[in-house]
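The residues making up each chain are set out below.
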Amino acid sequence: MSEKFDVIVVGAGPAGISCSYELAKAGVNVLLIERGEYPGSKNVMGGVLYRKMMEDVIPEFWKEAPLERPIVEQRFMMMDKESAVTVGYKGMEWGQEPYNNFTVLRAKFDQWFAGKAVEQGALLVNETVVLECIVEDGKVVGVRTDRPDGDLYADVVVLADGVNSLLAKSLGFHKEFRPDEVALATMEIIKLDKKTIEDRFNLEENQGTTIELFGDATKGILGTGFLYTNKDTLSLGVGSLLSGLIKHKIKPYELLEYVKNHPMIRPYIAGGEPVEYLAHMIPEGGYKSMPKVAGNGVLVVGDAAQLVNAIHREGSNLAMKSGQFAAEAVLLAKEHDDYSEATLNHYKTRLMSSFVGQDMKKYKDSTHHFDKFPQYFDKYIPMVNKAASQMFTVDGSSKWEKQKKIWRDVGTAGEKFKLARDAYRAWKVMK
Amino acid sequence: MLHIVACIKQVPDTKIIKMNPKTNTMDRASAPAILNPYDAHAVEEAVRLKKRYGGTVSVLTMGPPPAVKAIKKCIEIGADEGYMISDRAFAGADTLATSYALTKAIEKISQIKPVDLIICGKMTIDGDTGQVGPGIARRLDMPPLTSVNKVKEINLEEGYAIVHRKLEDGYEVIQSTMPCLMSVEKEINDVPYSSMTNMLKAARYQPVIWAVADLEDVERTQLGLKGSPTIVSKVWAPTKPSGGEMLEGDAAQQTEQLLNLLLEKKELFAVKGGSGVEL
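Protein chains in written order, with my numbering: chain U, 1 to 431; chain C, 432 to 710.
It is worth saying that the hints were derived from the structure and are not from the lab.
The reader is advised that the hints may include incorrect statements.
[To be verified] One-sided excerpt, in silico: chain U residues whose CB lies under 8 Å from chain C:
#1 Glu3
#2 Gln120
#3 Gly121
#4 Leu123
#5 Leu124
#6 Val129
#7 Glu132
#8 Thr145
#9 Arg147
#10 Gly150
#11 Leu152
[Unchecked claim] What follows is a list of derived Cβ distance ranges for each label pair:
#12 C:Glu618 - U:Lys139: 33 to 41 Å
#13 C:Gly523 - U:Phe355: 35 to 43 Å
#14 C:Ala644 - U:Glu276: 37 to 45 Å
[To be verified] In silico lysine to aspartate or glutamate, DMTMM-like type, Cα no more than 20 Å apart, as pairs:
#15 U:Lys42 - C:Glu618
#16 U:Lys81 - U:Asp409
#17 U:Lys431 - U:Asp371
#18 U:Lys194 - C:Asp444
#19 C:Lys449 - U:Glu3
#20 C:Lys446 - U:Glu276
#21 C:Lys539 - C:Asp572
#22 U:Lys379 - U:Asp409
#23 C:Lys482 - U:Asp149
#24 C:Lys449 - U:Asp56
#25 C:Lys632 - U:Glu64
#26 C:Lys632 - U:Glu276
#27 U:Lys108 - U:Asp232
#28 C:Lys500 - U:Glu37
#29 C:Lys583 - C:Asp621
#30 C:Lys453 - U:Glu198
#31 C:Lys449 - U:Asp371
#32 C:Lys481 - C:Asp458
#33 U:Lys191 - C:Asp458
#34 U:Lys108 - C:Asp458
#35 C:Lys597 - C:Glu618
#36 C:Lys453 - U:Asp193
#37 U:Lys116 - U:Asp56
#38 C:Lys544 - C:Glu647
#39 C:Lys539 - C:Asp645
Using N, Cα and C, we set each Cβ at its ideal position, and we do this for glycine too.
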C-alpha cells in the first residue's frame with residue numbers, strides 16, 4: 001500500500017535539508033529521500049559554508065556542527081604561468097563569534113545537518129533514487145522510486161535533486177542545460193598535519209584561509225580554482241564552464257593536475273597525501289537559466305533551480321534560503337489547503353524579492369559575458385602580472401619610465417581602447 | 432509459528448580500513464560502520480524462513496548506541512523487531528564474554544516469546560573467529576549447525592530442521608533437533624534491494640535497548656573485559672606479497688610456460704605425508 005505524506009523532499013543537500021528541517025519543525029509530516037548511502041555521501045562543494053544563512057536555520061550551529069575552520073582570511077590570486085598578483089583581507093573579527101564563514105567537508109556536515117532535521121521529526125530514507133514525479137490531472141501528486149512498492153504520495157513534492165535536475169526537466173520546467181550553463185569542478189582533499197597547514201598559511205589554531213585562483217589556474221579558460229584550509233586537510237579544486245573545457249579539449253582532471261603542479265600552489269600542498277578525489281557539476285547559467293520553480297504540487301529549490309552566484313562562489317547559502325522559502329510556501333498552501341501553482345508561487349515571489357533573486361539578477365550576464373570575451377582571463381590577468389613585475393623589479397629605471405613602459409606594453413591605441421571598453425563592460429555586468 | 436532470532440554486529444568496513452602503523456591496531460575512524468556482511472545473509476535467511484513457514488524475526492546485537500543503525504538495516508531487510516544490549520559493562524568483550532551476554536539477552540527475548548531458531552552469520556569481518564554463534568549454542572544447550580548454505584526443511588511440529596553444511600569438496604545433509612543455532616555462509620542467499628515499505632518502517636523504527644540491569648541472572652564477572660580470558664599477544668598487518676612472475680604471450684604459449692614451470696617445481700604438489708603427484 002502506498003503511503004501519503006504532507007511533503008516529500010527529493011535530495012538531502014543544503015536546500016532539501018533546510019526545507020525538511022523547517023517543515024518538520026512546524027509539525028508537517030515530511031519525508032526526505034536521498035540517493036546516497038547517507039546525506040553528504042554524494043554531495044560536493046569547494047567547502048565554504050556561510051554563517052548567516054545556516055544560522056537562520058539553526059541558531060549557533062557552530063557550537064555543535066562538524067566544521068573545519070572559521071575563515072579569517074580571504075585571498076584572491078590572479079595567476080600567470082610563473083607569477084601571481086594577490087590581494088586579500090585578513091581580519092580577527094572573523095575569528096570570533098558569530099564568525100563570517102567556515103570551511104566544511106560536506107560528507108560530515110550534511111550528515112549532521114540531516115540528523116538535525118530527523119530530530120525535528122522528518123523521516124529520512126537513504127539509498128533510494130526517485131525515478132519520476134507521479135503526475136495526475138496536471139498536478140504532481142507523488143514520486144516513483146526505484147524500490148519495490150516504491151510509489152509514494154504527497155500534497156507537495158519539493159525537488160532538491162541538484163544541478164541537472166532530471167525531475168524538473170521531466171516536468172518540462174527546463175531544457176537540457178547547454179555546456180555554457182554548467183561548470184565542471186574537480187577537487188582533491190589533501191592530507192597534511194595541522195601544524196604544517198597553520199605554518200604554511202600563517203594561521204593560529206581554529207583559523208582558516210581561502211584562496212580563490214584566477215587566470216592560469218584554469219589555463220586562461222573561464223573558471224576559477226580554490227585552495228581552502230580544513231583542520232588537517234586542504235581542499236584544492238578547479239572548475240571551468242563545460243563549454244570552455246570542450247573548446248580547449250582539456251579534461252577536468254588534467255586541469256587539476258596542472259594546478260597541483262603550478263609553482264604558486266605546489267609549495268602549499270608539498271608532502272600532502274591526496275585522500276579523496278571529487279568531481280561535480282555546478283549550475284552557472286545564472287538568472288537566465290533558472291527553470292520554472294513552482295508548479296501544481298511541486299517546488300524546485302537549490303542547485304536544481306540553478307541558484308548559484310558564480311562570481312561570489314556562493315551556492316549552499318542560496319540553497320538553504322530557497323529551502324526555507326519553499327517551506328514557508330508549503331505552510332501557506334497547507335493553511336489554505338490549496339497546493340496549486342498559484343498558491344505555491346508564493347515561493348517564487350519570496351525568493352526573487354530576497355537577496356537570492358536580487359543577486360541572481362545582478363549577475364545575470366556575468367558568466368555569459370566572461371565566456372564570450374575570454375581576454376579577461378587569458379590576456380588581462382597576464383598583463384597585470386607583467387605590470388606588477390615591471391613596477392616592483394628594482395633595476396635602476398625610474399618609476400615614471402616603468403609606468404610608461406607598462407602602458408606601452410598594453411599595445412596599440414586600438415588595443416588600449418579595447419582594454420578600456422572591456423573594463424567598462426566588466427563593470428557593467430558586475431555593477 | 433517460528434520465532435527466529437538473528438544475531439548481528441555492526442563492524443568497521445574492513446575492506447577500506449586503515450591500520451595504525453604505530454600501534455598495529457585498526458583505525459576505526461578511517462572506515463564507516465556497516466552491518467557485518469555475513470549477518471545480512473543471516474537476517475535475509477530468517478526473513479525467507481518467516482515467509483516460508485510463518486512467524487517472526489527478531490534481531491539482536493550488542494554494541495554502542497550508534498549500532499542502532501545496524502538494527503535499522505535489518506528492519507530494511509525485513510526483520511520485525513530489534514533488540515540491543517548496550518552498556519559500558521559489555522565493553523572489551525572477547526567471543527566468550529560476547530556469547531555470554533548475547534545468551535542472557537536471548538533468554539530475556541525467550542520470555543517475551545519462545546525462540547525456535549537462532550541464526551548467525553558465519554563470522555564477523557573484524558574478528559574473523561566464527562566462535563560467538565557456537566558459543567551461544569553451547570550455553571543454551573542447542574545443536575550448533577555451522578557453515579550452513581541451505582535450509583532444506585524446518586518442521587516445528589516434529590521438532591527438526593534439515594540443512595546443508597558446506598564442506599571443502601561438497602556439502603553434507605544434516606538433520607538436527609529444534610531449537611537449534613545455525614551460522615550461515617554468504618552463498619545461502621542474495622540479499623535483495625529492500626522494499627519501500629521496509630525502508631519506511633526502518634526509518635521510523637526504534638529498537639528495544641537493554642542495559643545489564645535489565646537482564647536477569649547475570650554474573651557480572653563474565654561480562655566485558657573482565658569476562659574475557661583471550662590475550663592478544665600481537666597484532667600486525669599482513670604484508671602484501673610482492674614480486675611474482677608474469678607469463679607473457681598468447682594463451683597457448685602461457686599454458687606451455689606454466690606447464691614447464693610446474694614440472695620444474697614438483698614440490699608445489701607435494702602432499703603432506705604422501706609421495707607427491709606423479710607427472
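How the hints compare with the structure:
no.	hint	result
1	Glu3	holds (6 Å)
2	Gln120	violated (14 Å)
3	Gly121	violated (11 Å)
4	Leu123	holds (5 Å)
5	Leu124	holds (6 Å)
6	Val129	violated (11 Å)
7	Glu132	violated (15 Å)
8	Thr145	holds (6 Å)
9	Arg147	holds (4 Å)
10	Gly150	holds (4 Å)
11	Leu152	holds (7 Å)
12	C:Glu618 - U:Lys139: 33 to 41 Å	violated (48 Å)
13	C:Gly523 - U:Phe355: 35 to 43 Å	violated (54 Å)
14	C:Ala644 - U:Glu276: 37 to 45 Å	holds (43 Å)
15	U:Lys42 - C:Glu618	violated (30 Å)
16	U:Lys81 - U:Asp409	holds (18 Å)
17	U:Lys431 - U:Asp371	holds (18 Å)
18	U:Lys194 - C:Asp444	violated (26 Å)
19	C:Lys449 - U:Glu3	violated (42 Å)
20	C:Lys446 - U:Glu276	holds (16 Å)
21	C:Lys539 - C:Asp572	holds (16 Å)
22	U:Lys379 - U:Asp409	holds (12 Å)
23	C:Lys482 - U:Asp149	holds (18 Å)
24	C:Lys449 - U:Asp56	violated (39 Å)
25	C:Lys632 - U:Glu64	violated (29 Å)
26	C:Lys632 - U:Glu276	violated (34 Å)
27	U:Lys108 - U:Asp232	holds (14 Å)
28	C:Lys500 - U:Glu37	holds (12 Å)
29	C:Lys583 - C:Asp621	holds (16 Å)
30	C:Lys453 - U:Glu198	violated (25 Å)
31	C:Lys449 - U:Asp371	violated (44 Å)
32	C:Lys481 - C:Asp458	violated (38 Å)
33	U:Lys191 - C:Asp458	holds (16 Å)
34	U:Lys108 - C:Asp458	holds (18 Å)
35	C:Lys597 - C:Glu618	holds (10 Å)
36	C:Lys453 - U:Asp193	holds (16 Å)
37	U:Lys116 - U:Asp56	holds (14 Å)
38	C:Lys544 - C:Glu647	holds (16 Å)
39	C:Lys539 - C:Asp645	holds (9 Å)
The structure fails to meet hints 2, 3, 6, 7, 12, 13, 15, 18, 19, 24, 25, 26, 30, 31 and 32 from the earlier list, while all remaining hints are met.
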